[in-house]
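Each chain is listed here by its residues.
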Amino acid sequence: MTSEIAVEVEGLGVSIKQSTLLSGVDLAIERGEWVSIIGPNGAGKSTLLRAIAGVAKSAGAVHVHGQRFADLDRRERARLVSWVPQKPEIPAGIRVFDYVLLGRTPHLHPLAKESSHDLAIVADVLNDLDLADLGDRDVATLSGGELQRTVIGRSIAQQAPVMLLDEPTSALDLGHQQEVLSLLDRLRSDGKRTVVTTMHDLTLAGVYADRLIMLAEGRVVAQGSASEVLTADRIGEWYRARVSVSNRDGRVLVSPELVTLGDAHVSAP
Amino acid sequence: MNARPAIGRLSWLVGGGAIVTASCVLVLLVGQADLPRWPTLVEAFDRLTPGTIDSGLDPIQRSIVWNLRMPRIALGLVVGAALATAGATFQGVFRNPLADPYLLGVAAGGGFGATLAFVNDWGDGQGVLDGVQVAAFLGALLSVALTWVLGALTDRGRSAVTLILAGVAVASFFTALQTYLQQRSTEDIREVYTWFLGGLTTSGWTEFGQAAPLAAVCIAVLALSGRTLDVLAVGDDEATMLGLSVGRTRLVLVVVASLLTATAVAVSGLIGFVGLIVPHAVRLVFGSSYRVVVPMSIAVGAGFLVLCDLGARTLGSASEIPIGVVTAFIGAPFFLLILRTATK
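Those protein sequences? They're chains A and B, same order as listed. Going by our numbering, the first sequence opens with residue 375, and the numbers climb by one from there. Going by our numbering, the second sequence opens with residue 4, and the numbers climb by one from there.
Treat the hints with caution; some may be incorrect.
[Said to hold, decoys possible] The calculated lysine to any residue pairs, modelled on SDA-like cross-linking and capped at a C-alpha distance of 25 Å, are:
(1) K487(A) to S14(B)
(2) K566(A) to L482(A)
(3) K391(A) to L168(B)
(4) K461(A) to N99(B)
(5) K487(A) to L168(B)
(6) K487(A) to A226(B)
(7) K431(A) to A226(B)
(8) K461(A) to R98(B)
Just so you know, these hints were derived from the structure itself, not from any lab.
Here chain B stands alone, though its shape is the one from the complex:
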């Protein structure tokens, strides 16, 4: 007998790190500008480590590495990790395999906030504390808060089913508001539509700088909550009898996962699929204990989104493909493949 819990074994953590590193290296080397490979890697290494190594790149090439490619990879890592971790958490909290980060109305609320900002010209989705980002973030949090209050009004125990249903109602409400706004000002439709499909557009390190600190704190808390999510898996009554305050625990986890999702939505729009499929893929390969699912989702989500962004930048001939299209296009067959292998 292996007298240990199914916690992250070292080989898995090393494997997760390898996935992320390999994705980043690959993406760093591919782009419109044709940069020499080895010097590009040396330049990135130089930037990330103390001390100075001369990569031999000229100033323009250096700027491409540091101001274009690296911030985009960094943002992809944060958003991918955030969506996958939040998805895993929602699936655990609601004991529902179809749960994703947008379950409680985050997407509809964020979409409403962003549309409101586009229509009123509060910003364009980029830069320091841009109006679209702030409105999307607040809209996303507002929708979750509403869902929670509605759930609490109808069911004092705040059961999972009641919350999910309240989420459906709140999402419909905000979608209606958003559609109304959008129809009233058709000149903004294209901007709004692009935002809805999601994308990792960066202006230097600004977006990363805005998203990373909050995302890191939330991800750290959720990574430590794997054991608690495993306790929730035995159902509300048994979890209560094991000494867990189920209502309070659910509230804390939902708040943290929603903050995390709202952070990702604010800087990248609505990127679908990652939060649903990555935790499932992890579960099929590594088992269903959340002690493993949460940390591995962080790594696989980060690596997956960076690779999808590579597809978004390179697959289209003239302009970028929205990243949400790529996550679904690559993710769906990939998931079927894993499902087939795992159920054999």
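Looking at chain A on its own, in the form it has when it is part of the complex:
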């Protein structure tokens, strides 16, 4: 394996009780790359992120920066991979500063206190994300966009080279979606961070990510650039949606077509 690969997944499978959520997934994600996982509801997108992160029990092998993930302890893993859940749990009454500070956990002994170095890192992150004025605010009082920036801030403070983000824009309006995605684009622009997101908005996924991976029924059904993956036929087949796909200035636009109830059944071509 070359050191240019950030995440390599071989034969990854996840089964819970009798049902198979993922099977035979092979992936290689390069350092500095932004890969977006797309696919219909229930395709296994979140499960794939959780399996890569080691939260979901899985078969197969995951290597991160050349190291077999299963061989690392929790803290070593958290120094390589950070995870932004779709619906983060926000402890009651926690301040923005303290929340972002939680990101320093993998760098600290369980009984130790944060050093001035840790506090300085958090202050830098807050400045960088335009959150400095909100440091003393209760996280519960933030707007959707501020909250998402705060959660991403915790992930950045973790200083892990691979960031996994589960639906980072699903709860946001269009302006905040662009704001968050542009932030991620900036964060990985120096080539030191690798970003893996799951996304529902196919157009946005195609605009921002370097590469799309489409999952359906727990398998990889397509991967490549936006123009390769996002075709009307494929979206019709797996999403059961009738869409038109157009290409403008090198951007792939996916727009839904009007479907009336009478002919709502969209069959695979």
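Add chain B to chain A, keeping to what the hints say.
Then chain B, alone, in the frame of chain A:
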């Protein structure tokens, strides 16, 4: 922006120290024997500091201060701090505001151990390594161990909910055993009942000497674990992804908090309310970060129990009121007052 975590600010620590000191001074001055105030304080100060100051008390009065009042205050401080700290820890570990130190069956196990000892005349609850104390301590630890094993058998991830349910089952089991024993030997009912309501009865410094060393170690570990409890507050999955071994961390914290609770139960019976209400009161006033909740619970729990013991000794006309009655009687309205102020 205050670029610092919400750790114990100096003013709070000073405030906590002041609460404890004021409670102790007040309690030192009140009792059945009518001691002159100033000399009593001088005598206590003399005992606690190197060097000699003559307080002017006669030998009997000195003995009352040193052998009766001071050990009782000291034991109250240890037990109050222990129960409140353990309560705060359980609330954090299980992310459950209704958690208290007795959640995993400690009370039922300790109660069973104590009843077993009373019924078999192994001791009377006082003195050096008394049978009742030892049996209560071991019973309390046995119940937590059983809860943990049961939880692990049914759910390998040892989720909080599974453990709490296992605790309910274990507590019911030990309560049944205890009730059976008690019904079989009705002559011990009064002793058992008194023990269940809790009390800070001391024979000199013996009880304090037995409880303090282990309690101090456990409290110190938990006081340093506030940051880890804050990490647990984001849930098992996120805490895992932040690099915390959630299962192992939970085990260590539960073991330490249970040892602490068992220590308190062994020397003071089942004093309710302190472990539930003190951490809540602290949270309402000082915020919910465990970096603050744990250390402030130590101080407020210690001061609160010493004051409740004062009530237990003085409110009843003839004999002492069980301290568990006082903690609930004073604690409930006090808690409602704080709740009202904090939610306004």
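Verification of the supplied hints:
1. K487(A) to S14(B): Measuring from Cα to Cα gives roughly 20 Å; hence the hint holds.
2. K566(A) to L482(A): The given pair, whose Cα atoms are some 23 Å apart, holds under the 25 Å limit.
3. K391(A) to L168(B): With Cα atoms ~23 Å apart, K391(A) and L168(B) stay inside 25 Å; holds.
4. K461(A) to N99(B): Roughly 20 Å separates the two Cα atoms, so the pair holds.
5. K487(A) to L168(B): Violated. K487(A) to L168(B) sits at ~33 Å, over the 25 Å cutoff.
6. K487(A) to A226(B): holds (11 Å)
7. K431(A) to A226(B): violated (34 Å)
8. K461(A) to R98(B): holds (17 Å)
Checked against the numbered hints given earlier, this structure breaks hints 5 and 7; the rest are met.
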